[in-house]
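If you read the protein sequences in the order shown, they are chains H and Z. Residue 263 in the numbering used here sits at position 263 of the first sequence; the count goes up by one each step and never skips. Residue 439 in the numbering used here sits at position 439 of the second sequence; the count goes up by one each step and never skips.
Honestly, the hints are just simulated from the structure, not real lab data. Just to be clear, a hint being listed does not mean it is correct.
Remember, identical chains collapse to one label, so a pair may be satisfied in a single copy or spanning two.
In silico EDC-like pairs for lysine to aspartate or glutamate, Cα to Cα no more than 20 Å straight-line [to be verified]:
id : residue 1 : residue 2
1  : Lys376    : Asp303
2  : Lys106    : Asp282
3  : Lys106    : Asp124
Number of protein chains: 2
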Amino acid sequence: MNASDALIKTLIANGAEVVFANPGTSEMHLVAAIDSHPEIRPVLGLFEGVVSGAADGYARMSGKSAVNLLHLGPGLGNSFANIHNANKALSPMVNVVGDHATYHLKYNAPLTSDLDNLAKSVSDWVGRSNSVDDLCDLGNEAWKNANAFPGQISTLIVPADCAWGDFKGDIPKPLDAVTPIPIDHSLISQSLETLKQDGSILFIGGKFLDEDCLILAAKISSATGCRIVTDTFISRIRRGAGLPKIEQVPYFAEMAEEFLLNTPGAVFIGTSIPVSFFAYPDKKSYLLPNETKIINLCSPQQDGYDALNALSDECNSLSINENLIHSSIIDIPSSGTLDTISFGPLLAGLMPEDAIVSDESATSGLFVTSHTFNAKPHDWLALTGGSIGQGLPLAIGAAIAQPERPVITLHGDGGAMYTIQALWTQARENLNITNIIFANNSYEILKIELDRVGAVQTGQRAASMLSLDNPRIDWIQLSKSMGVPAFAPTSVEEFTKIFSNSVQESGPSLIVISL
Amino acid sequence: MNASDALIKTLIANGAEVVFANPGTSEMHLVAAIDSHPEIRPVLGLFEGVVSGAADGYARMSGKSAVNLLHLGPGLGNSFANIHNANKALSPMVNVVGDHATYHLKYNAPLTSDLDNLAKSVSDWVGRSNSVDDLCDLGNEAWKNANAFPGQISTLIVPADCAWGDFKGDIPKPLDAVTPIPIDHSLISQSLETLKQDGSILFIGGKFLDEDCLILAAKISSATGCRIVTDTFISRIRRGAGLPKIEQVPYFAEMAEEFLLNTPGAVFIGTSIPVSFFAYPDKKSYLLPNETKIINLCSPQQDGYDALNALSDECNSLSINENLIHSSIIDIPSSGTLDTISFGPLLAGLMPEDAIVSDESATSGLFVTSHTFNAKPHDWLALTGGSIGQGLPLAIGAAIAQPERPVITLHGDGGAMYTIQALWTQARENLNITNIIFANNSYEILKIELDRVGAVQTGQRAASMLSLDNPRIDWIQLSKSMGVPAFAPTSVEEFTKIFSNSVQESGPSLIVISL
């Protein structure tokens, strides 16, 4: 058996089911090995940012890593931004990066780059195979480290000769999984004392935003009176009508500071102290008041379920205050112009149960997000690392992980252009994804930020760097060119019909909302 | 004056004229500074791979660096692949990468990544500003290192507070330029002796492929009988009717080995010993015979003009053998089907004088490249680092550097999809670029390589990872969606009309050739 075959068998034994790929010559033996193993599904992306973004979406919705197949340094470089987002989402990810044969590296052929340092800069674990003999063991290590709770980035560098050589050993058994680290139970009673102080906050985040966790948090809040808060950008959260409410730290630093004023204490589970997304002249980075008492009860690597259960048991909380539950009441418009007033409630009213939302709506989220809390229960995935171009690829991975559930992408136009090639993969894989593009023809957030950072008065030349206009992108043609049907509704009635069809039918579509 | 203003003034004093940009919040003060300096032209790319590819094209055609304005680690990561290509092209490049404010980094905000190691992995020189006081001096260093002959990658990391603070000093004077290192003249006579041996090769490359260098090489060849050879993928070469011929090392290792058989000696000027692009089982990486005598007369950093002049003087070569000059005879088809037979001579016949060709034609080059040697004199730019997605952005930079000259892009479809956003910038800047896309709906090279690496027989699942079909990309819609007029000629007559108009008119166009 050749080593590529052995590596693929090793990864399959660990639980690998999907390979997101954009291979090149140095990965041809791996391509052949994947070909002969129908247990693993290859999904081609026409750019590696699509590959890594899709793997992140898959991880968020399946709870385990996919395998990414990438071509040397440039392939990993092209993946960098969405690996970064995955890293901030605590998503498990295994990057298998082909490299020149061991003996070929010294010749500095054109595709040679500083792959090892690049890999280190974007990975929690890096392994480099030196021979066919270490390849499978490194595959096991890569999987184990990627899937160590809650999730990390593993990058395995595979020189071509290590992949094409003959493997004579046995396929090694998967290594034991790294499970959540136990919490320190001696912190429970002081955590509860803190939460009972008026205005204190139970911060939950990371992997502890599913329905069970939210219900526990709501019970604790009902018993102690604490606020429940999570981060501005979350990896995955369950939300919607009938589910507990959770506040989110506002994006802009001055609003966040205001939001966190008068907080005597804060208990953290699965996440860290909130900080400003960017620094601004004369604005704070550390957003909590200096006098707020901080208890780090549970890091992202620890057992947040245990922490929440222990808190809930200790305060003997059984019921949830009604005002902590999202209502299902939405004032759904049935006709009229599709605009920033009507769009939010309309979408919220139309969202099918168990939808998955890939949210990179950026400034357009301001008129959408708040309404969707009252939609039917769904999962919401946000732009965790701030690097735009995540939403369209993320939807691919989510749809592959959960093929029975409709996926809805909410995307700003600027970010969507970053990894627009994702539409092609959506079409090829016939994924049920409804991409909603908010076209304001601008990096709108930057226009706001240009004011906020106190930059001096600017003119046409600065504006040109923040505008997507001139030429205006034709989203209908762009989408159709890659096989995704596209629509530009302007009325509530039109949107209702198009959207309802789209979420019910297999295959992707794109709806552009002109603003 | 704020520090951003001072940095932009410093870069302008060094000769910076163009900023290729995709900025974010942390670069807003730099955006404002660029706004107030009309000496420098901002060019927006909708993805950072467009930014770095355009800067490479600008450098190749202007001989100096542009400035790239990038947003933190992810912005630099997105640029990685085309910086890699620029690095292999010996193109000067200054990346100015905004970062979080110095005091904000410790909070690990979402966009925080290991920017420093990423920068090191892709740069020859990295500087990080620590205060407003060092920013301009670092700007000078960045420029000097980037533009050190023949060209390098400089990356200057600018924390937001170093850019927005008040600068009280004077703008520093530009540093002395790093000029070519003198060659060792004692090597000249043995070089000539070597070149006189039957079958020996004068290898020239790097920055020594302009008309002067080619004429000197042809004179030396005429006097000594040596072959003149350059690399498979070159940064920039002057070629066409009336210009000296130069052989290129074939792409595939076995053909290259054959090409280099029976070479008693080789003298290198501006380039290195040719090696196989990839390693293959049981094929050689080092392509020259082991017994070939190697003389490294002039490294890429040394003075190749001096080396060629010295060789030419020493052998007293005055005239060029007629058989070393490309003829202008092309058998131009005037009608019939546009296919792999007719296309090459047709393009060669229609290419206007002084065109600039950005070549990422990949496998389609096989039926194009050889014909164009007889076209009117032009410059040819190739995919130096092997990382696909260079051609469309490179054309942007070339067109901005040389606005009077028509640019022709020859591009495979797979590579074009990598940085397809480049079309938008071509439209916005109204650049005279004629993009020819060869649509074989496939990573055709990989189908060839899958056989060549000896991978076992594969089926549908492997094929799916190498095919761009299903869905088939509609290049006409894709191009028009970003404001670039597009055409799909099927006959010689149609192509003749469309192409001739396109190279004469301002603004870009796209011509898809279905294969």
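Here is what the structure says about each hint:
1. Lys376 with Asp303: neither (29 Å within a copy, 71 Å between copies)
2. Lys106 with Asp282: For lysine 106 and aspartate 282, the Cα distance is within 20 Å only across copies (17 Å; inside one copy 51 Å).
3. Lys106 with Asp124: This pair counts as between: shortest inter-copy Cα distance 18 Å, intra-copy 27 Å.
When held up to the earlier numbered hints, the structure conflicts with hint 1 and nothing else.
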